[in-house]
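K.L.:
Guided by the hints, dock chain B onto chain A, whose structure is given.
So the sequences go chain by chain: A and B. Under the working numbering, the first residue of the first sequence is numbered 1, with each subsequent residue one higher. Under the working numbering, the first residue of the second sequence is numbered 497, with each subsequent residue one higher.
Hints were generated in silico from the structure; no laboratory data involved. A virtual CB, placed ideally from N, CA and C, is assigned to each residue, including glycine. You can trust all of the hints, since none of them are fake.
Simulated restraints on C-beta separations:
hint	chain 1	residue 1	chain 2	residue 2	range
1	B	E580	A	N475	57 to 63 Å
2	B	R563	A	V343	29 to 35 Å
3	B	D531	A	V344	35 to 41 Å
4	B	A569	A	L313	54 to 60 Å
5	B	A612	A	V343	51 to 57 Å
6	B	W550	A	A370	43 to 49 Å
7	A	V354	B	P543	24 to 30 Å
8	A	A284	B	D531	49 to 55 Å
9	B	E580	A	V354	24 to 30 Å
10	A	P351	B	G560	39 to 45 Å
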Amino acid sequence: MSYGALMRASSLALGAQLGALVWSVAFTAHAAEPAAANAGAAVPTEASASDQAPQRNDAATSASPTPTNDPAPPIAVLPTANPDAPVAAPAPGADAGFYGATGTDADSLAATTYPKLELSGFTDFTFAANISSKDSPLRKVVQAYPSFSIGNLNLYLSASLADKWHLLAEVRFLYLPQGDAPFPVGSGQSAPFDATASDYADDNRPLTWGGIQIQRVQIDYALHPLLSLRFGQWLTPVGIWNVDHGSPVVIGVYRPYVVGQGIFPERQTGIQASGEWNGDVHTAGYTVTVSNGRGPSDAYTDLDGNKAVGGRLYYSNNTFGTLTLGVSAYDGTYSSRNRQYDVVKTGSGAPSVVAVNPLTLRYHERSLAADARFLWRGLVVQGEVLQHEVVYQNDVRAVLNGSLLADYRERGFYALAGYRTPWLGIMPFAMYEGLNFASAAYVAPGNAASVGLNIRPEANLVLKLQYHVTTLGSNTSEQPYHGVLKRLLAQLAVAF
Amino acid sequence: MSALAALFSGGCLYDDEHRCGPRQHLAPLSSCVCDDGFVQHDHDCVPCPQNEMWQGGACVCEAGFSRAEAGGACHQAGAGLACEPNAADRTCVDSDYPQCRALNDRVGYCSKVCVADADCPHGFACDTSADPATCMTAASGQGLACMSDADCAGNDADYCENLQSNVCLVQGCSTSDLLSCSEGWSCCDLHSLGLPKNLCVPEGMCPTAP
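In isolation and in its complexed conformation, chain A is listed as follows (with noise of 0.2 Å):
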């Protein structure tokens, strides 16, 4: 197997895997999933990377773009690292001329032999209004006022290390956190928070800072096909729309509650190892994790002894169209603390310092996850269900106004079906949600259906439009947070 296809074996095995609605393997690679960049150019499709990898485009021997069922025309062609490249070469440091007066030999060195960094991403602009009834008690809760808003600004930054060696890293840049103001528990209010400061380069003037996310730092190794290494922190290897999160190719305005809601963790630090098998007609795959788990720093720190581990396997048929089902699974412990340091003094009557760190937050948690897609022309018809239990420790149960919370089971499902004709790559879409919110005790439990096109007039650029009604509960829910929610949305959204 070349060095393209091996890579691209690897990272689809690795993350891509999990894609939704990717418009090609390529696209994946651009705007969600650049690791796959490697692959070539491809023609979008709804179909994910891990639903092309039965039909997988092998760069190393073909430049034509992936076979595909989708209309729309083709995005244009990324740039990429040569997929049969050697074994990289030394470090640009070891070479005096790649920084030197020789800049053009030099140049033409780094682009035949040094890591390359290729940046792509994505972004969105959304208009959003809720024209619920006014005696909908969501009415003025949620998105109360009509309103605009870039939602994403996401940045990639790939590059080749060397042979079997990549790097992603993925960025969002925020707006946040001014102007946010958290939901108030129960009554209250609570200020908006103000973000501006003096700009000391603009004669003092004020200016409105904003914040960086770093949505995942990962280094892939690509051992063989059914056994690839990925080091880092990655997106959690579950259903369709966690790894492949990109406002692109996400079918609707916003993901599904299910799928935004936490019930596994969005991303980890630590290890994954995956590989994939593929017959004529028959792929499966798997992915195993060990990481930090969820915890207030779990990003750098795992504030207790265990380790969370997880995986998901999945099995792909292109007898007819192409079907893919998945399954997840996670377990791990969540745990905060305090930092606290006793000073005693030893034996010897010289002081020593005793940490303590007590806990203030720990719980058992367990999230299973099952997904299926089926692609077939233009046709999508996909489809999660996602469970996540969570049990407290319990002399360290969480507090909410100050109450102690249950333990609590979340459960929550979507289905989402939707054609992509041949004109202007319209695709009229449907989806049926629910969800019991059972991690946010004054939400009732609920469900939305919602109607849509999602318009892809150009092969980098989506406009949707979205018609979303939410029911939560009934009028005689105990939950405050009750009623129907009713939600033009629209969005245009672009890779880059």
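P.N.:
This is chain B only, laid out in the frame that chain A set:
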């Protein structure tokens, strides 16, 4: 590995019948409230601390005890209780006896401002030499002449020392507790003299074994 085994064993963590911890029961909005007899302390339900009793979901001070401040511990209330004269926080929790009358820099007892003995409770007398005048300990009957215990009956000083001084004295004091005798008196251990008692005697008058 155990976690991995548990993960794929299919066992459920969650028990719908037992969503709360020990000493707790389920309440609306998926909250856990403490069983009767227990109160919430941080993230857990615990019994009421010493000198407190459970009442209607909260801990209240037992009779004779009170709090100096909301949320504080319950301390015994009344005059004569130990206090710290120079403490930053108020240590006399009984609002009827808020003054800490000092015996020395470190030890005092709770008292109140008075004008005459009638303003002070039993066992106390108004020390008008102090400014302001406060109630000072003064065991009743202490120093009265007697021939037998019968002459001292009904007083705080109910022991008649009829070997030498023939006066009523307070018995059962503690030599380690400055407050166990009235001001100007100190506790004397007479065991070494063959009298198995501790008695309050005027300061400096405790006899020693020959």
